[in-house]
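Given chain A's structure and the hints, the job is docking chain B onto it.
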Amino acid sequence: MFNRDSWQEIFETISKNKLRTFLSGFTVALGIFIFVILFGFGNGLKNSFQEFFMDDATNIFRLFPGRTTVPHNGFKSGRDIEFDNDDLAAIQKNFAFQLQYITPRINRNYTIKYKNKSNNYGLRAVAPGHQHAEKTIMMKGRFINSQDVLNKTKYAVIGRLVEKDLFKGEDALGQFIDIGKRSFKVVGVFQDDGGDNEERFVYIPYTTNQLIEKNTDKLGQLIVAFKPIIGYQGAMQFEAELMAFMKKRHDISTKDEGAIYLRNVAEDLEQNQQFGSLLQMVVTFVGIGTLIAGIIGISNIMVYVVKERTKELGIRKAIGATPRSVIAMILQESIFITTAAGYIGLFGGIFLLNSIGDSLDNYFIKNPYINMGTALFATIILIIFGGIAGYVPARRAARIKPIVALRDE
Amino acid sequence: MIEIKDLHKSYKIGKNLLHVLKGININIKEGELVAIMGSSGSGKSTLLNILGMLDVADKGSYMLDNVPIKDLDETKAAKYRNKFLGFIFQSFNLINYKTAIENVALPLYYQKVGRAERTEKAMQYLAKVGLEDWSSHLPSELSGGQKQRIAIARALAAQPKVLLADEPTGALDSTTSYEVMQLIQDINDEGKTILVVTHEDDIAQMCKRIVLLKDGVIIDDKKVNQIRASDHV
Numbered sequence: 074m075f076n077r078d079s080w081q082e083i084f085e086t087i088s089k090n091k092l093r094t095f096l097s098g099f100t101v102a103l104g105i106f107i108f109v110i111l112f113g114f115g116n117g118l119k120n121s122f123q124e125f126f127m128d129d130a131t132n133i134f135r136l137f138p139g140r141t142t143v144p145h146n147g148f149k150s151g152r153d154i155e156f157d158n159d160d161l162a163a164i165q166k167n168f169a170f171q172l173q174y175i176t177p178r179i180n181r182n183y184t185i186k187y188k189n190k191s192n193n194y195g196l197r198a199v200a201p202g203h204q205h206a207e208k209t210i211m212m213k214g215r216f217i218n219s220q221d222v223l224n225k226t227k228y229a230v231i232g233r234l235v236e237k238d239l240f241k242g243e244d245a246l247g248q249f250i251d252i253g254k255r256s257f258k259v260v261g262v263f264q265d266d267g268g269d270n271e272e273r274f275v276y277i278p279y280t281t282n283q284l285i286e287k288n289t290d291k292l293g294q295l296i297v298a299f300k301p302i303i304g305y306q307g308a309m310q311f312e313a314e315l316m317a318f319m320k321k322r323h324d325i326s327t328k329d330e331g332a333i334y335l336r337n338v339a340e341d342l343e344q345n346q347q348f349g350s351l352l353q354m355v356v357t358f359v360g361i362g363t364l365i366a367g368i369i370g371i372s373n374i375m376v377y378v379v380k381e382r383t384k385e386l387g388i389r390k391a392i393g394a395t396p397r398s399v400i401a402m403i404l405q406e407s408i409f410i411t412t413a414a415g416y417i418g419l420f421g422g423i424f425l426l427n428s429i430g431d432s433l434d435n436y437f438i439k440n441p442y443i444n445m446g447t448a449l450f451a452t453i454i455l456i457i458f459g460g461i462a463g464y465v466p467a468r469r470a471a472r473i474k475p476i477v478a479l480r481d482e
Numbered sequence: 002m003i004e005i006k007d008l009h010k011s012y013k014i015g016k017n018l019l020h021v022l023k024g025i026n027i028n029i030k031e032g033e034l035v036a037i038m039g040s041s042g043s044g045k046s047t048l049l050n051i052l053g054m055l056d057v058a059d060k061g062s063y064m065l066d067n068v069p070i071k072d073l074d075e076t077k078a079a080k081y082r083n084k085f086l087g088f089i090f091q092s093f094n095l096i097n098y099k100t101a102i103e104n105v106a107l108p109l110y111y112q113k114v115g116r117a118e119r120t121e122k123a124m125q126y127l128a129k130v131g132l133e134d135w136s137s138h139l140p141s142e143l144s145g146g147q148k149q150r151i152a153i154a155r156a157l158a159a160q161p162k163v164l165l166a167d168e169p170t171g172a173l174d175s176t177t178s179y180e181v182m183q184l185i186q187d188i189n190d191e192g193k194t195i196l197v198v199t200h201e202d203d204i205a206q207m208c209k210r211i212v213l214l215k216d217g218v219i220i221d222d223k224k225v226n227q228i229r230a231s232d233h234v
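In the order they appear, the protein sequences are chains A and B.
Start counting at 1 in the first sequence, then tack on 73, and there's your number in the working numbering.
Start counting at 1 in the second sequence, then tack on 1, and there's your number in the working numbering.
One should not assume that every hint holds.
Derived lysine-lysine pairs resembling BS3-like cross-links, with alpha carbons at most 27 Å apart [what the hints assert, rightly or not]: (1) A:258 - A:300; (2) A:474 - B:224; (3) A:91 - B:99; (4) B:77 - A:474; (5) B:99 - A:474; (6) A:380 - B:215; (7) B:60 - A:380; (8) A:89 - B:122; (9) A:474 - B:13; (10) A:384 - B:99; (11) B:162 - A:384; (12) A:188 - A:89; (13) A:474 - B:162; (14) A:89 - B:113; (15) A:474 - B:129; (16) B:113 - A:384; (17) A:474 - B:6; (18) A:89 - B:13; (19) A:380 - B:80; (20) A:213 - A:258; (21) B:13 - B:223; (22) A:149 - A:321; (23) B:60 - B:13; (24) A:213 - A:227; (25) B:23 - A:474; (26) B:84 - B:113; (27) B:80 - A:474; (28) A:380 - B:99; (29) A:291 - A:208.
Example chain A residues on the side facing chain B (calculated, C-beta under 10 Å, incomplete) [unchecked claim]: (30) 79; (31) 86; (32) 394.
Hints were generated in silico from the structure; no laboratory data involved.
The beta carbon of each residue, even a glycine, is placed where N, CA and C say it ideally should be.
So that you can see chain B by itself, here it is in the shape it has in the complex:
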């Protein structure tokens, strides 16, 4: 699903060049649930941003579902993001004046799906995350865990190839975190490829594979025995 070869990325900070990614090679197959770990400054967020086409690599190749991702302008990146990727953020990033169902339906609006179909699909995904009764609520009326589940429903609504989660449990208490991870595991069980950036070991242990980054290189890449989040709840 994802093939990355010799990926480099550096940032200019003043006169200094900060080399953040120093040759990343990684292959992720369909249906995998991968945790990307590392301390802050290890380059894990940069990697996720490049995978999410929110940022562009200096060097190296990136294939997503056998499509080479290169020469991206903003318009092209937006279209690929809409088609291939679903995002889950630490701070949920819901649009605060839109109701739950409107937030979930928004990616479909940009896919030019008709209004009635949009609402119907959005309702399906709300039901999937167990929040169909909350469809007409604004984000401010929801708890953190509910917001993240809305965000997950929104990420799923576009039917992306890959879900990218950037510290999805970072803003949640541990019980809620496990609930969210349980949802992510359920989605993965249905065959969706998911990448989770985290620095929490227990969250990483709930994935099927852990990639450890340090100073811009992968120092460890291992398969783990997945701990089911449902055991903790």
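If we strip away everything but chain A, and leave its shape as in the complex, we get:
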């Protein structure tokens, strides 16, 4: 079946029946091309989704102090809870195994001024770990570091848009800004994928903020990051243990739901991932649909091609072609065409996806791609079905008595 002579015979047939070759090849190439494009767009949609919803780190809990709702241990209900430096140290000490980092976040609002420009911005007093929690990207300079926290430095890290608003194209790095009535040196400028609002914040060391506020040791909210290696189950257990630990430290009833709020990003993540996999299912469904359409297309073409060749096959049989050689010829031809055309469609599609890149960002299609395995698999499926689609009519044609085939005009 695979000798040089039979290939030559097939190439002759292919090159002398250009329309037929084009029709069957085009169907396959188009099928694969559309499959690659749609699948790629689906993946692009998934990328956009991930960017929107997974801007922040996913291995964190946020602890918010609240007000007690249940009397406990001699305390009345309605007592305000506050976290302080001791809580921070205790969590670091007791959960060393699960903990990746912990950072407080004290939210304030200040009028921030540079020369004669001023505006109102959110201030976040934090520890170095906050950079990971928010996935803050440094454009220049550096983030708050542990030395800043230790020395209570008057250093500030400002958002890209804060620099744009206040400095008007001037380099903010090394300049001094007024936060409230105090002067801070800008040591870094950051950007954030979370959108414009995220870039209108100013970060300072939380210890500096405590010093400003009459040397208090209160902390606002706590952001606790666990080691990703402990997994979803480990995170859930950590959450429960952490909650129990904090309730005990602050004399809160285990039944009190209001004293401390805990928001677990891992739970959001679970939901987001479910939505993500729904999107994946839609993408897969579209892909399978396209593939089936392609298979039907190639089947129709093959039936037509074999029908058109009935007489030729009858002639070939009359002059000595065995049924086997007839089937082999048609199969070889159809597999060759579908393979060649399939790869044209495949690489055409991949080329287009690559050249699209980020240009469809506005339509929520970010960086569309298809992984090579999926694309190759689809191509091979189409080749196999092209072969089957050719085999069935070929076998029938090979069975027809030559005399019947010859009468077919």
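Showing chain B alone in chain A's frame:
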């Protein structure tokens, strides 16, 4: 060369059984040129199809070159056809996307003859039918007579024992018919056994023997004085 004994063939048409061949006995020796005549429905095409292994008899025996032709499956029939028989059809049956020389070379492809040898032999047979200058033409660029000569060259290329011609001149005008018959006579003169199915008397008279069929039996089988086609051209 061909020995047929008590050949029967019937077709089922709806519920009725149509008995087409009702006991045919015929012996054809090597080098004969036999015309099989008869009106339509006489069974002459059925006989030719059975001789050509395009169809199978219900009963009777068929020996071709001392080989019993029986228990044919499609593969075996294809091999025998390729080895023993050359076909010439009324409608030429050339493959329309292949050039003259490629059509002639095709039986050799199925005999697994190498490419260079195939082309060389095909060219020889094209020369034999006088069309070596037309080797690279497609059938659509040839006249009816030329097409039939290409078909004859193709039938000869496989070097068969017997040529079977089914109304070879049926689609041709009389001048062209005689040219084709002249070619067939020339090939017969070289010793090839040839069977011609025809309903035209002048064509039959150009053979050496006429077998007349009627209603599935041979009613006449006579030797004739061959009229040379060259006399008409």
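Hint check results:
no., hint, verdict
1, A:258 - A:300, "33 Å, violated"
2, A:474 - B:224, "34 Å, violated"
3, A:91 - B:99, "13 Å, holds"
4, B:77 - A:474, "13 Å, holds"
5, B:99 - A:474, "23 Å, holds"
6, A:380 - B:215, "36 Å, violated"
7, B:60 - A:380, "33 Å, violated"
8, A:89 - B:122, "23 Å, holds"
9, A:474 - B:13, "16 Å, holds"
10, A:384 - B:99, "14 Å, holds"
11, B:162 - A:384, "25 Å, holds"
12, A:188 - A:89, "81 Å, violated"
13, A:474 - B:162, "22 Å, holds"
14, A:89 - B:113, "22 Å, holds"
15, A:474 - B:129, "31 Å, violated"
16, B:113 - A:384, "22 Å, holds"
17, A:474 - B:6, "24 Å, holds"
18, A:89 - B:13, "41 Å, violated"
19, A:380 - B:80, "24 Å, holds"
20, A:213 - A:258, "14 Å, holds"
21, B:13 - B:223, "32 Å, violated"
22, A:149 - A:321, "16 Å, holds"
23, B:60 - B:13, "15 Å, holds"
24, A:213 - A:227, "18 Å, holds"
25, B:23 - A:474, "23 Å, holds"
26, B:84 - B:113, "12 Å, holds"
27, B:80 - A:474, "14 Å, holds"
28, A:380 - B:99, "18 Å, holds"
29, A:291 - A:208, "25 Å, holds"
30, 79, "9 Å, holds"
31, 86, "7 Å, holds"
32, 394, "5 Å, holds"
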